[in-house]
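Visitor: Chains as they are written, first to last, in this note's numbering: chain W, 30 to 438; chain X, 30 to 438.
Among these hints, one or two may not hold up.
The list treats identical chains as interchangeable, and a pair is accepted whether it falls inside one copy or across any two copies.
[As the list claims (entries may be wrong)] SDA-like cross-link-like pairs, simulated, lysine to any residue; straight-line CA separation at most 25 Å:
| # | residue 1 | residue 2 |
| --- | --- | --- |
| 1 | Lys-325 | Gly-268 |
| 2 | Lys-329 | Pro-110 |
| 3 | Lys-197 | Asp-334 |
| 4 | Lys-329 | Arg-340 |
| 5 | Lys-329 | Asn-356 |
| 6 | Lys-329 | Leu-203 |
| 7 | Lys-395 | Val-104 |
| 8 | Lys-325 | Arg-175 |
| 9 | Lys-422 | His-332 |
| 10 | Lys-48 | Asp-129 |
| 11 | Lys-395 | Pro-298 |
| 12 | Lys-325 | Thr-150 |
| 13 | Lys-329 | Ala-128 |
| 14 | Lys-197 | Thr-150 |
| 15 | Lys-422 | Arg-42 |
| 16 | Lys-325 | Ala-81 |
| 17 | Lys-422 | Thr-92 |
| 18 | Lys-48 | Ser-431 |
| 19 | Lys-325 | Ala-80 |
| 20 | Lys-395 | Ile-301 |
| 21 | Lys-48 | Ala-299 |
| 22 | Lys-48 | Gly-361 |
| 23 | Lys-197 | Arg-43 |
Hints were generated in silico from the structure; no laboratory data involved.
What follows is each chain in one-letter form.
There are 2 protein chains.
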Amino acid sequence: MIAAPGWQPMYARRADHMKASEIRELLKLLERPGITSFAGGIPDPELFPAAAAAQAYRDALATQASVSVALQYSVSEGYGPLRHWIADHMATHGVQASADNILITSGSQQALDFLGKLLLTPGDTVLVTTPSYLGALQAFSAYEPRYDTICPEQSNRTPASYADGAGKETPGALVKFAYVVPDFANPTGETLSQVARNRLLDLVSELDVPVVEDSAHSALRFEGNDVPSLQALDVGRCGSIDRARVIYLGTFSKTVAPGLRIGWICASPAIIGRLVLIKQASDLNVSVINQMVMHKLIEKGGHADLIVQARAHYRPKRDAMLQSLSNEVPSGVTWTKPEGGLFVWVTLPEAVSGYWLLSRAIEEAKVAFVPGRAFFHDGSGANTMRLSYSLPKPAMIEAGISRIATLLR
Amino acid sequence: MIAAPGWQPMYARRADHMKASEIRELLKLLERPGITSFAGGIPDPELFPAAAAAQAYRDALATQASVSVALQYSVSEGYGPLRHWIADHMATHGVQASADNILITSGSQQALDFLGKLLLTPGDTVLVTTPSYLGALQAFSAYEPRYDTICPEQSNRTPASYADGAGKETPGALVKFAYVVPDFANPTGETLSQVARNRLLDLVSELDVPVVEDSAHSALRFEGNDVPSLQALDVGRCGSIDRARVIYLGTFSKTVAPGLRIGWICASPAIIGRLVLIKQASDLNVSVINQMVMHKLIEKGGHADLIVQARAHYRPKRDAMLQSLSNEVPSGVTWTKPEGGLFVWVTLPEAVSGYWLLSRAIEEAKVAFVPGRAFFHDGSGANTMRLSYSLPKPAMIEAGISRIATLLR
Numbered sequence: 030m031i032a033a034p035g036w037q038p039m040y041a042r043r044a045d046h047m048k049a050s051e052i053r054e055l056l057k058l059l060e061r062p063g064i065t066s067f068a069g070g071i072p073d074p075e076l077f078p079a080a081a082a083a084q085a086y087r088d089a090l091a092t093q094a095s096v097s098v099a100l101q102y103s104v105s106e107g108y109g110p111l112r113h114w115i116a117d118h119m120a121t122h123g124v125q126a127s128a129d130n131i132l133i134t135s136g137s138q139q140a141l142d143f144l145g146k147l148l149l150t151p152g153d154t155v156l157v158t159t160p161s162y163l164g165a166l167q168a169f170s171a172y173e174p175r176y177d178t179i180c181p182e183q184s185n186r187t188p189a190s191y192a193d194g195a196g197k198e199t200p201g202a203l204v205k206f207a208y209v210v211p212d213f214a215n216p217t218g219e220t221l222s223q224v225a226r227n228r229l230l231d232l233v234s235e236l237d238v239p240v241v242e243d244s245a246h247s248a249l250r251f252e253g254n255d256v257p258s259l260q261a262l263d264v265g266r267c268g269s270i271d272r273a274r275v276i277y278l279g280t281f282s283k284t285v286a287p288g289l290r291i292g293w294i295c296a297s298p299a300i301i302g303r304l305v306l307i308k309q310a311s312d313l314n315v316s317v318i319n320q321m322v323m324h325k326l327i328e329k330g331g332h333a334d335l336i337v338q339a340r341a342h343y344r345p346k347r348d349a350m351l352q353s354l355s356n357e358v359p360s361g362v363t364w365t366k367p368e369g370g371l372f373v374w375v376t377l378p379e380a381v382s383g384y385w386l387l388s389r390a391i392e393e394a395k396v397a398f399v400p401g402r403a404f405f406h407d408g409s410g411a412n413t414m415r416l417s418y419s420l421p422k423p424a425m426i427e428a429g430i431s432r433i434a435t436l437l438r
Numbered sequence: 030m031i032a033a034p035g036w037q038p039m040y041a042r043r044a045d046h047m048k049a050s051e052i053r054e055l056l057k058l059l060e061r062p063g064i065t066s067f068a069g070g071i072p073d074p075e076l077f078p079a080a081a082a083a084q085a086y087r088d089a090l091a092t093q094a095s096v097s098v099a100l101q102y103s104v105s106e107g108y109g110p111l112r113h114w115i116a117d118h119m120a121t122h123g124v125q126a127s128a129d130n131i132l133i134t135s136g137s138q139q140a141l142d143f144l145g146k147l148l149l150t151p152g153d154t155v156l157v158t159t160p161s162y163l164g165a166l167q168a169f170s171a172y173e174p175r176y177d178t179i180c181p182e183q184s185n186r187t188p189a190s191y192a193d194g195a196g197k198e199t200p201g202a203l204v205k206f207a208y209v210v211p212d213f214a215n216p217t218g219e220t221l222s223q224v225a226r227n228r229l230l231d232l233v234s235e236l237d238v239p240v241v242e243d244s245a246h247s248a249l250r251f252e253g254n255d256v257p258s259l260q261a262l263d264v265g266r267c268g269s270i271d272r273a274r275v276i277y278l279g280t281f282s283k284t285v286a287p288g289l290r291i292g293w294i295c296a297s298p299a300i301i302g303r304l305v306l307i308k309q310a311s312d313l314n315v316s317v318i319n320q321m322v323m324h325k326l327i328e329k330g331g332h333a334d335l336i337v338q339a340r341a342h343y344r345p346k347r348d349a350m351l352q353s354l355s356n357e358v359p360s361g362v363t364w365t366k367p368e369g370g371l372f373v374w375v376t377l378p379e380a381v382s383g384y385w386l387l388s389r390a391i392e393e394a395k396v397a398f399v400p401g402r403a404f405f406h407d408g409s410g411a412n413t414m415r416l417s418y419s420l421p422k423p424a425m426i427e428a429g430i431s432r433i434a435t436l437l438r
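This is chain W alone, in the form it adopts within the complex:
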């Protein structure tokens, strides 16, 4: 009998920082029949443009010339026509960009991983909001950073206090970048005001570090006015994307479909050039046929049409959730009122744990959601929870919120 290899000593030090996503583990519970899910936050498949995608795949494979591109290896930067479309799209949102500013990634999750890989030496500091998108914390944590909290809407901390904090535990370690989701944030649903965005740009400018703007949900606005992206504001200040310190992450996962795994990074060519090397060493290139199909789906107004449909689809779901919360939930519980996106963030009374509530909710109310603590880099937030209204129909949302509310009375 030969003993199994003892793998533990073989792992890199960074493996200590890799944990299973509690959200992903939770998704397994959702396969139970009869559960209304406010977990996940995944797009509603009713919105996927299936017929147009089928046509686009057929077109991509219609001629040998096209097949030779669609099914072959390709350049790591991404499919040219898609990069050009995205550059034009950025221009309509206040950032004059060219294809040289664009890298195609395997969803924006891969962009988060690449930025950790490019920027973080162990011990360096990432400035994040509290709470923050869990997937970003997971991606960055593989590169063993320290986290510090920024509060763009209100903070009395000086830039120097961040820099001082960074060097305290690890001599020579630096603040390397800030990470924010300015529009309809995951998990809170909140949007940063223009004042807060400018304050954040002042901070990162003073610290002389980049800021990563995760724009995953920005297209899904139901009401109110668009706030210029951090990158647009930054380009307005410095005059050009080539001098900008904002690294913008876009994705088609929430507006078209996540299954094609296509996102992008828009940034200074200096950064894009480095990230192309990382893409090359990490997985060569995003599936070309998927990039061709995505380009077909979004060109000629296709993207704008899909956004109109998505907004019209999710808005009544948000309305149902906010109305039910308002009607049913007892005092002492507060929640955000998102103007778009897929999430409502609930703060429970101090003594009520989101995990405790979840265990009861699944058994007694047949409802699932995500306890909020996983979104806090500092382990706080025990009395919070994230609700997504993306999947259930409005009547199911109302019934589900009503059943949770019963548990809180």
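Given chain W, put chain X in place with the hints provided.
Guide: Chain X in isolation, oriented as in the chain W frame:
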């Protein structure tokens, strides 16, 4: 005028180890008209199963139930039916595996990146052959290892000498794994004998480290007998995949098409469990629709048929190249005689540089290839070159080799 941010100080230490692939840069030269390319080593698009793929994409998008899977997020492990198919496939090659032993990756390049990420702390040692697959060196180098050379076919080094070497520069650093391409290696085209494979297993067993078996080209055998995979030999020794120390990397890029970006890792569940966390943090999951299409293409004998076609397609190309080399090239030049795969490896006279020959070959002979030095972790190999016969037709291969030979006379 605002100065551009000085990005250099912001990069992680590992960024010093990231270089552009010389191969990828070379691919840009190939767009020049009239060049016969022995560079690249990419599969011939004539072999891509375009009609079957078109049908499979249509099927995946034919019903709302299927669309809801195909275009949605999914579990990081990979699409269940594809994992099961691969487990069965491994069993026919001497490794009794279940789906729990399989992780789907974005090509085997991503598997190389993930193993570097899981196993390497800066300063740790990777044992590689000299030369070695360039993409593996690129993937590992992001995690700042040191390299040492293994010679599975012949070596008088003791296991202890590897362990001693690992700790010399970085106190506490370890030999973490060995990396080999046992079948029709990239870049040499050579295949490790069963004796050499057993010797390698003895070595890694003595060192108590895993070995990464990159099996990218193993299906493309034109003649001779299959040699059991390292993983099959290891399972034969230890009794079970769950106790095996071989981590096997497979890919459909050379047998089906690279554009779907689908490879896999077969390993102990302990390793797979860790790698799933890495997949989750890196890019969530491989495009589900591509996984569904790949499964359709390979099931019911589809994979075996594609392999038969690929072998019949590449064999005459290899024959043409070996025959031309034999007929045309002056003495003092030697080359490998691969029994399969896509590469012939040429050793020039000591004083002749592969880079010098390439610059002349492109201008004077209208032929491109890859100078061999990039495949050596230690900077040696200046007088070597890699020739791929995968793309040109046999007559073009003969003419191209003849024109290179003229430069060597």
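Visitor: Classify it for me, Lys-329 with Leu-203: is the Cα-Cα distance of at most 25 Å met within a copy, between copies, both or neither?
Guide: Neither: 45 Å inside a copy, 56 Å across copies.
Visitor: When Cα atoms must be at most 25 Å apart, do Lys-329 and Asn-356 count as within-copy, between-copy, both, or neither?
Guide: This pair counts as neither: shortest intra-copy Cα distance 43 Å, inter-copy 56 Å.
Visitor: Tell me, please, which holds for Lys-48 and Ala-299 at an alpha-carbon limit of 25 Å: within, between, both or neither?
Guide: between (32 Å within a copy, 14 Å between copies)
Visitor: Within a copy, between copies, both or neither: where do Lys-395 and Ile-301 come within 25 Å Cα-Cα?
Guide: Classified as neither; 46 Å inside a copy, 32 Å across copies.
Visitor: Up to 25 Å between alpha-carbons, please classify Lys-325 paired with Thr-150: within, between, both or neither.
Guide: Neither: 39 Å inside a chain and 43 Å across chains, both beyond 25 Å.
Visitor: With 25 Å as the alpha-carbon cut-off, assign the pair Lys-422 and His-332 to within, between, both or neither.
Guide: within (24 Å within a copy, 42 Å between copies)
Visitor: With 25 Å as the alpha-carbon cut-off, assign the pair Lys-197 and Thr-150 to within, between, both or neither.
Guide: both (15 Å within a copy, 23 Å between copies)
Visitor: Within a copy, between copies, both or neither: where do Lys-329 and Ala-128 come within 25 Å Cα-Cα?
Guide: within (18 Å within a copy, 42 Å between copies)
Visitor: As a check of your reading, is Lys-329 near Pro-110 (CA-CA no more than 25 Å) within one copy, between copies, both or neither?
Guide: Cα proximity of Lys-329 and Pro-110: one copy only (13 Å, versus 36 Å across).
Visitor: First find the shortest C-alpha distance between Lys-48 and Ser-431 inside one copy, then the shortest across copies, and answer within, between, both or neither for a cut-off of 25 Å.
Guide: Answer is neither; intra-copy 33 Å and inter-copy 57 Å both fail.
Visitor: With 25 Å as the alpha-carbon cut-off, assign the pair Lys-329 and Arg-340 to within, between, both or neither.
Guide: Classified as within; 19 Å inside a copy, 43 Å across copies.
Visitor: Pop the pair Lys-325 and Gly-268 into one bin, within, between, both or neither, using alpha-carbon distances up to 25 Å.
Guide: For Lys-325 and Gly-268, the Cα distance exceeds 25 Å both inside one copy (32 Å) and across copies (51 Å).
Checked against the numbered hints above, the structure violates hints 1, 3, 5, 6, 8, 11, 12, 15, 18, 20 and 22; every other hint is satisfied.
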